[in-house]
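Residue numbers (the UniProt record's numbering): 1 to 533.
To be clear, the hints were calculated from the coordinates, so they are not data collected in a lab. Quick caveat, the model's predicted, so the values are computed rather than measured. Using N, Cα and C, we set each Cβ at its ideal position, and we do this for glycine too. Be a bit skeptical, because a hint or two may be false.
Derived pair list, reagent style DSS-like, types lysine-lysine, alpha-carbon separation capped at 30 Å [claimed, not checked]:
hint	residue 1	residue 2
1	K69	K452
2	K75	K214
3	K146	K69
4	K318	K214
5	K214	K69
6	K318	K69
7	K489	K75
8	K318	K146
9	K389	K318
10	K214	K387
11	K489	K452
12	K489	K389
13	K75	K146
14	K452	K318
15	K69	K389
16	K214	K389
Here are the in silico distance ranges between beta carbons for each label pair [to be verified]:
hint	residue 1	residue 2	range
17	L487	L213	49 to 59 Å
18	K489	S79	55 to 65 Å
19	M416	W353	14 to 24 Å
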Amino acid sequence: MLEHLKKTFKHTVIYGLGGLISHAVGFLLIPVYTRYLSPNAYGVVAMVMIYTTVLEIVMRLGVDSALFKVYFEEKDEESRRTLVTTTFLFQLAAAGIIFALTYPFSDGLSDLFFGTRDYTVYFQFATASQLVTLIRVVPLSVIRAKERPGLFSILNVLRFTLVMGFNILFVVVLEAGPLGIIQAQFYSALALIPVFLVITLRHMRPRISWNQLKRLASFGLPLIPAGLAGWVLTMADRWVLRLVAPVTKFALVAQKGLGEMVTKTGDVLAGALPTLVDVGLYDLAYKFSLIVRMGLIQPFIFAWGPLMFSVYHQPEAKRVYRAVLTLFTLASVGLCFAVGVMSPEIVKLMATWPFYSAWSSVFILALSHCFYGLYIVFTVGTSVVHKSKYQAYTSTAGVVANIGLNFLLIPLWGVMGAALATLLSFGVMALVHYRFSQREYPIAYDLGAVVKVLVLATGLWIATTFLPFGWWGLVGRVGALGLFVVLLKFLGLFKAEEVRLVVGGFKEFLGRRRGGGDGEAGPPPEEPGELQG
Numbered sequence: 001m002l003e004h005l006k007k008t009f010k011h012t013v014i015y016g017l018g019g020l021i022s023h024a025v026g027f028l029l030i031p032v033y034t035r036y037l038s039p040n041a042y043g044v045v046a047m048v049m050i051y052t053t054v055l056e057i058v059m060r061l062g063v064d065s066a067l068f069k070v071y072f073e074e075k076d077e078e079s080r081r082t083l084v085t086t087t088f089l090f091q092l093a094a095a096g097i098i099f100a101l102t103y104p105f106s107d108g109l110s111d112l113f114f115g116t117r118d119y120t121v122y123f124q125f126a127t128a129s130q131l132v133t134l135i136r137v138v139p140l141s142v143i144r145a146k147e148r149p150g151l152f153s154i155l156n157v158l159r160f161t162l163v164m165g166f167n168i169l170f171v172v173v174l175e176a177g178p179l180g181i182i183q184a185q186f187y188s189a190l191a192l193i194p195v196f197l198v199i200t201l202r203h204m205r206p207r208i209s210w211n212q213l214k215r216l217a218s219f220g221l222p223l224i225p226a227g228l229a230g231w232v233l234t235m236a237d238r239w240v241l242r243l244v245a246p247v248t249k250f251a252l253v254a255q256k257g258l259g260e261m262v263t264k265t266g267d268v269l270a271g272a273l274p275t276l277v278d279v280g281l282y283d284l285a286y287k288f289s290l291i292v293r294m295g296l297i298q299p300f301i302f303a304w305g306p307l308m309f310s311v312y313h314q315p316e317a318k319r320v321y322r323a324v325l326t327l328f329t330l331a332s333v334g335l336c337f338a339v340g341v342m343s344p345e346i347v348k349l350m351a352t353w354p355f356y357s358a359w360s361s362v363f364i365l366a367l368s369h370c371f372y373g374l375y376i377v378f379t380v381g382t383s384v385v386h387k388s389k390y391q392a393y394t395s396t397a398g399v400v401a402n403i404g405l406n407f408l409l410i411p412l413w414g415v416m417g418a419a420l421a422t423l424l425s426f427g428v429m430a431l432v433h434y435r436f437s438q439r440e441y442p443i444a445y446d447l448g449a450v451v452k453v454l455v456l457a458t459g460l461w462i463a464t465t466f467l468p469f470g471w472w473g474l475v476g477r478v479g480a481l482g483l484f485v486v487l488l489k490f491l492g493l494f495k496a497e498e499v500r501l502v503v504g505g506f507k508e509f510l511g512r513r514r515g516g517g518d519g520e521a522g523p524p525p526e527e528p529g530e531l532q533g
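Turn these sequences into a full structure, and let the hints steer you where they fit.
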């Protein structure tokens, strides 16, 4: 059991880190970006990333998820080699067609996003970057399917090193400004093409299968709308900020007070648009909120799917699910509170003064990741009865809410309005799916505990926003963290029995995997990200 636990933990960590590498790069490079780019230039990059994320979703065609499904349906090695060939050529051909349809219109994209064609070269590099980046999807999927975590880890370290190195080269050494970030993506992906091609060729067979292609397409293509829905929920707010955000006093001061940096980073190309400053500040705040996503939510998602199914037939299954919700809420909201309360110090430590105001929306954005996690917990009710259609309904509700709330709140409150729209959208998803799940598989969740934790964290965070900056403010914020823990204990929200239930469920999951083998389900597909190489 201990040996299997070590193996399961190792695989989860390695594959999880691989899926989060794009977010990690963007986060770790914050000190570099904020010292060599102004908020306006940072906003330019964020706008281009809106385009690249959509392009990536469409170019992927759901191939990584589809490959796992069909790979394990094929029982002999020759059929699996044929599948690798079919998948690789299918994705390469489709991505090539999409590239041919988008690259010639880079000037139009520049005009659409910025109202000027001065950014045409940005979109040319961004489109080319996505094409060369897609080369890695099939080989990495095959490595995960074959359970080669060592090789997967080596490739991720290599990717990480190249992306970091090229970013420092273009942004710091060559002072290429925001364009340098896009160029770094392209060249880091280009440098890895030989490696990924060698890996792919070693698992290919000179034959394609139309039957396999149909199965790939039937499973992968329907995932594109879900991916686009995720894009709306997490990135469309930048677009709306660019269009309708009010011009804040800080945006004007931050833009006009940068002097030499403005000229150096090419901000003059932006046509002196203060709203791009808001886009840059919001995007930075979102990256800081990803501490919660990377540190807790994503690892939980990796573990939750197998765990929910492994305990489903146990007599205490519903008690385990109830305990998971309570413990997840305590852990995730607690981490959100810590990140939100300490965000003034974190932002000041990692960024430069024009970006300092980004701290104010970090807690709200971090809490939106928690709400997404609550939605994931609530999917148990529809998943165990195999009614995944409700997830499509829930995503639709979230998208509609997000679009409406963005246009309602951003004109009123700018960056904070965008953060609130994101939070409320994920809240809608959690509530809607809770209703669906309770209809199919009722669970007596302790919703009172969830509400208490949320109210406590939000109330204390609001109180800390009135604290001054400096040492006394820092002392007050640290004191608020201690008070939060004390009040959790006082309210009786942490129960040892619930911990024992969840640990017992996890042991049952490990026991089933030990008895039945590892083969049927590969790790989740790699997420689309914003700063990939």
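Hints numbered earlier in the text: which of these fail when held up against the supplied structure?
Failing hints, ascending: 1, 4, 7, 8, 12.
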